[in-house]
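Trainee: This is what each chain is made of:
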Amino acid sequence: MGFHLGSVDPLFLTCLAIVGLPALAFGIIMVFTWWRPKLSLGISLTCSTIPLVLAWWLFFTVKGTSLAQPIITQVNWMVSDAIIVPFGFHIDPVSLLMLVLVATISWLIQIYSIGYMEGDPGFARYYAELSLFGMSMLSLVSASGMVQLFVSWELVGLSSYLLIGFWYEKFSASEAGKKAFVVTRFGDIGFYMGLAFLLYFMKDLSLFGLGIADINKLGLTHKLTEFQITLCALLIFCGVCGKSAQFPIHVWLPDAMEGPTPVSALLHSATMVAAGVYLITRLFPFFAASPTAMTVVLVISTITLILSSTIGMVAKDIKQVWAYSTISQLGFMAMGLAAAGLAHGTLFAGYYHLTTHAAFKALLFLCAGVFIHHFGTNDFFVMSKEGGRKLLIPMVTVTIAALALSGIFPFAGFFSKEAILGQLWHLDNKLWVGMGLFGAFLTAYYTFRVIFVLLFPPRLPQPRGASWGSLGHVLSPHCPGYLYLYPGLPAGAAGKVSPGRSPSPCNELSPFGVGGGLRPERHRPGLAGLGLPEGQLDRLHQQIPHN
Amino acid sequence: MTEHLANFPYLTCMLLSPVVGLTILLFLKEERGLAIRMVALVAAGISFALSIYTFVAYDRVLGGIQFVEKYEWVKGFGITYFVGVEGMNAPLLLLTGIVIFTGVLTMWELQERVKEYFIFQLALVTGVFGVFMSYDMFFFFLFYEIAVVPMYILILIWGSTRKIYAAMKLTLYLMAGSGLIIPGILLLYSSSGLFTFDMVRLHAVQFSPWIQKLAFVMMYLGFGVLAGVWPFHTWSPVGHVAAPTAVSMLHAGVLMKLGSFAILRIAMYLCPQGFQYWAQLMALLAATGIVYGVFVGLAQTDLKYVIGYSSVSHMGIVGLGLATGTLDGLNGAVFQMFAHGVMTALFFSSVGFIYDRTHTREIHELGGFSKIMPVASAFFITAALCGAGVPGMASFWAELLVLIAAVKVFPIRGLFAIAALVIGALFALRVVQNTFFNEPNPNFIHHEDVSPFLGLPRMILIGFLIFFGLFPQVMVGLIKTSIVPFIQGM
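For the protein sequence lines, the chains are A and B, in the order given. In terms of my numbering, the first sequence opens at residue 3 and continues consecutively. In terms of my numbering, the second sequence opens at residue 10 and continues consecutively.
It cannot be assumed that every hint is accurate.
Here are the simulated lysine to aspartate or glutamate pairs, DMTMM-like style, with alpha carbons at most 25 Å apart [said to hold, decoys possible]:
| no. | chain 1 | residue 1 | chain 2 | residue 2 |
| --- | --- | --- | --- | --- |
| 1 | A | Lys172 | B | Asp207 |
| 2 | B | Lys38 | B | Glu154 |
| 3 | B | Lys380 | A | Glu120 |
| 4 | A | Lys172 | B | Glu457 |
| 5 | A | Lys225 | A | Asp319 |
| 6 | A | Lys172 | B | Asp311 |
| 7 | B | Lys172 | B | Glu154 |
| 8 | A | Lys172 | B | Glu118 |
| 9 | B | Lys172 | B | Asp68 |
| 10 | B | Lys172 | B | Glu448 |
| 11 | B | Lys380 | B | Asp458 |
| 12 | B | Lys178 | B | Glu118 |
| 13 | A | Lys40 | A | Asp122 |
| 14 | A | Lys172 | A | Asp257 |
| 15 | B | Lys172 | B | Glu457 |
| 16 | B | Lys84 | B | Asp68 |
| 17 | A | Lys40 | B | Glu12 |
| 18 | A | Lys172 | B | Glu371 |
| 19 | B | Lys172 | B | Asp207 |
| 20 | B | Lys380 | A | Asp83 |
| 21 | B | Lys380 | A | Glu171 |
| 22 | B | Lys380 | B | Asp207 |
| 23 | B | Lys84 | B | Glu39 |
| 24 | B | Lys172 | B | Glu121 |
| 25 | B | Lys380 | A | Glu388 |
| 26 | B | Lys172 | B | Glu12 |
| 27 | A | Lys387 | A | Asp319 |
| 28 | B | Lys172 | B | Glu39 |
| 29 | B | Lys38 | B | Glu125 |
| 30 | A | Lys318 | A | Asp257 |
| 31 | A | Lys318 | A | Asp216 |
| 32 | B | Lys178 | B | Glu12 |
| 33 | B | Lys380 | A | Asp122 |
| 34 | A | Lys219 | A | Asp83 |
| 35 | A | Lys172 | B | Glu125 |
| 36 | B | Lys178 | B | Asp207 |
Derived from the structure by calculation, the hints contain no laboratory data.
Kindly generate the complete structure, drawing on both the sequences and the hints.
Mentor: Printed below as a string of structure tokens:
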């Protein structure tokens, strides 16, 4: 038999449990308990809580990894001749943080959905599909090889198709699901071809398993010609464009808001769409080896940032605004990464914005869910007229998240955006940093358009009675807030964005930076009190090579 | 290749079990419906169990041809009864076992001329088992014809939608194919000077290049008709549509693989130089078929036509894998034969259930079936996702192997084949959306969902698809044991 577990490595088994349990939940619910909603909920919650605990446990206990020296634990999944597919886990600070982030947000969404989806005839199916999504996303962020990553990537696409089309009797929903799947498929084909070409160029090298670490080494050691790297990187970037909704294949994301709102929060803001940017992070040394590819990424992401921000400025549907905002922020992250690649920086800025954005955008969507659930409409002008501001807690949290999204000090968004702008500043052409600033300004504009409309309705009638929503409903949106919005974490991490460099000029330039030229180091206290993983982030930061 | 004799005639039992079953059926009265079904099920079940046994018990370390039975039959012509199992036909025997067993279960509700139906179906499957296990060209061809002929009767009597035309077209096409195969086989037989039909012995002969080229192209085209190679595929969607459910399952799931397997087993094995000469053409036809199949499938309105054209496209992947002639490509081609067989059987099995209830397969007349029959719909949707190449299912790995191997050997054709995946996804999802999503059609709202017993065959098929999707090495490792010596011998 060709299939065997090599040595039974406890780390491998832990990771396997993190990835495997949600898959198990999906299987059990789909085959046995799909007609028992409560039981299915129990199974799904159990199988997402254990990975959550395990992921946090790994986050705090795994020592001795760095970007340059990841821990790779894997077995052979399929061995043909030139095509060797390992199945395993690539553990380094980037994937550890992402594991925690994905596990936490999926778990919170599952809690939130108990109230939101109550009484829906497809309740059990909904939880099965959420579990499938959790499994594929966790596997995506921790995969050790590109084929496993691609498999998870496609499974993420599948679960997003199922979740967007969850209310399939609605024509618009099934249409949106199909559109999302097919459009992202266009990008994935590029990804597929990229992998095929990579194997084609490497055909002299035997036992090349398309491992992530191996590919990054290729980028660093220049085994391939620059043309070959550029070709593969650009093809893989097609996949990124599809998944992260970059121009010109961003068209599926606004339609994808047909799904239930928790799904929008989970898939289309915090985790799934971030997968594309995460892939660039993962293959950063490989991408960085090709300035041409990085320039293309920079151009595409800048167009995406500006274009989708301007659409977000005129949308009336609150979820549409957040959807376009997501596209623009993804563009912003990609800009940060591309600039770092061109200016020989590190992946820190773009990746950092990815993590902070996941938290505040999930919060924005969850708050939007509360409003939509309460008023039965997606139009925030109508919500405003009917007394949206009377929903006190959601109003406060949405404002906090909006402050973070607009990059107001002292919320997380300020620090991560500053980091990206700092990267852009290091490019020779100052046009890019100008575009970044302009995009950031547009972000602040459309975000506060929503907030001001909600806060200051033209004429306030008698409210329909303020609702606090169900417990899970009201409480869970706060959790991402507690985790990321308050200053501790950003200060702890962003404080060292560019040590050894001159103080970033963007602090003075930033139109939204209330804190102006303050150095973030001074704001570290919040961290310890909240029990946030300061040490981890510092470690992550130190391990990123500075050149 | 080393041969290991069997200590028990497993393969003969596998082959004869349907024959015994159909002989018993001949003596049963038409009225005894349950007994007829049980006999057919047990006969198919024994073959199924033995096919699993040979798949599992094949010794991968030892390799070679195992479970060999070899008896001289007609000494003067050099005809031997020579059957065996190796890595490349073990999956196909398993596939045949799966499809015949689930096929009998799928046809459980048949009311019309039940006895004759099962007799012909068991005769058909005997031929299929025979082809996959034979190492003698005479028996190979004999079983091949046994598999093709009952198809005519099965479609003609139990079929639907232009069944007379379809049955005639199918039989004529396949007979034309046979007309090319026989001269090809006889050419090799006569020019070898050994007076034997034994493939293993013929393999040792160095045929002159022009004989190889001629024999190869004759057999490639002849078997290619059955394998649905573009542009000789036109019989297959018509035939799929007209055939009754389980026959469609066997037809698309197993019978088309006879063609591609024969190309691998006889044409490529005996005429390696001929293969090198024609490989470019094979790749071109295969890639054209892949792209053409998905585009035509996109325009169909009959569910079975959609599946028929998706088969043309998926069989193109098998052809492309064969054309590469590399280890990865051949591994992928054999894997794809298996994966596509199970997937298509699932497709037809699910459609058959819906058609039996609603008596329509027009996509625009159906709609919202997920509300009416959630379980039956889930089966079809699973098959459609598998057809769209979603990972976690067996066909993903097969396509991965073939496409990556193809990009290495034929970059442009490989890229076209990869690009066709998008259209493949689009057409699978279009069908799923229009048939199963949206508002339900009020005419069909009273129909009941599939019962657990009738759902069983589909569950078996899905189980195999997902098992090999999660553990592809079980399959690839086995196939590889025979492809490695195969490539070395070429």
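Trainee: For the pair supplied as a hint, Lys172(A) and Glu118(B), confirm whether the alpha-carbon distance does not exceed 25 Å.
Mentor: violated (34 Å)
Trainee: Is the Cα-Cα distance between Lys38(B) and Glu125(B) 25 Å or less?
Mentor: holds (11 Å)
Trainee: Holds or violated: Lys380(B) with Glu388(A), Cα cutoff 25 Å?
Mentor: Between Lys380(B) and Glu388(A) the Cα gap is close to 35 Å, so the pair fails against 25 Å, i.e. violated.
Trainee: Compare the distance between the alpha carbons of Lys84(B) and Asp68(B) with 25 Å, and conclude whether the hinted pair is satisfied.
Mentor: violated (32 Å)
Trainee: Can the restraint linking Lys380(B) and Glu171(A) be considered satisfied, given a maximum Cα separation of 25 Å?
Mentor: Holds, because 8 Å separates the two Cα atoms, which is no more than 25 Å.
Trainee: Against the 25 Å threshold, does the CA-CA distance of Lys40(A) and Asp122(A) hold or violate the hint?
Mentor: holds (12 Å)
Trainee: When you check the alpha-carbon spacing of Lys387(A) and Asp319(A), does it fall within 25 Å?
Mentor: Holds, at about 14 Å.
Trainee: Given the hint that Lys172(A) pairs with Asp257(A), does the C-alpha gap stay at or below 25 Å?
Mentor: holds (13 Å)
Trainee: Against the 25 Å threshold, does the CA-CA distance of Lys172(B) and Glu39(B) hold or violate the hint?
Mentor: With Cα atoms ~24 Å apart, Lys172(B) and Glu39(B) stay inside 25 Å; holds.
Trainee: Under the criterion that the straight-line Cα-Cα distance not exceed 25 Å, is the pair Lys172(B), Glu154(B) satisfied?
Mentor: At roughly 21 Å apart (the allowed maximum being 25 Å), Glu154(B) and Lys172(B) satisfy the hint.
Trainee: Do the alpha carbons of Lys40(A) and Glu12(B) lie within 25 Å of each other, as the hint requires?
Mentor: Violated. Lys40(A) to Glu12(B) sits at ~58 Å, over the 25 Å cutoff.
Trainee: Given the proposed pairing of Lys172(B) with Asp68(B), does the C-alpha separation stay at or below 25 Å?
Mentor: Violated, at about 45 Å.
Checked against the numbered hints above, the structure breaks hints 1, 2, 5, 8, 9, 10, 12, 15, 16, 17, 19, 20, 22, 23, 25, 26, 31, 32, 35, 36 and satisfies the rest.
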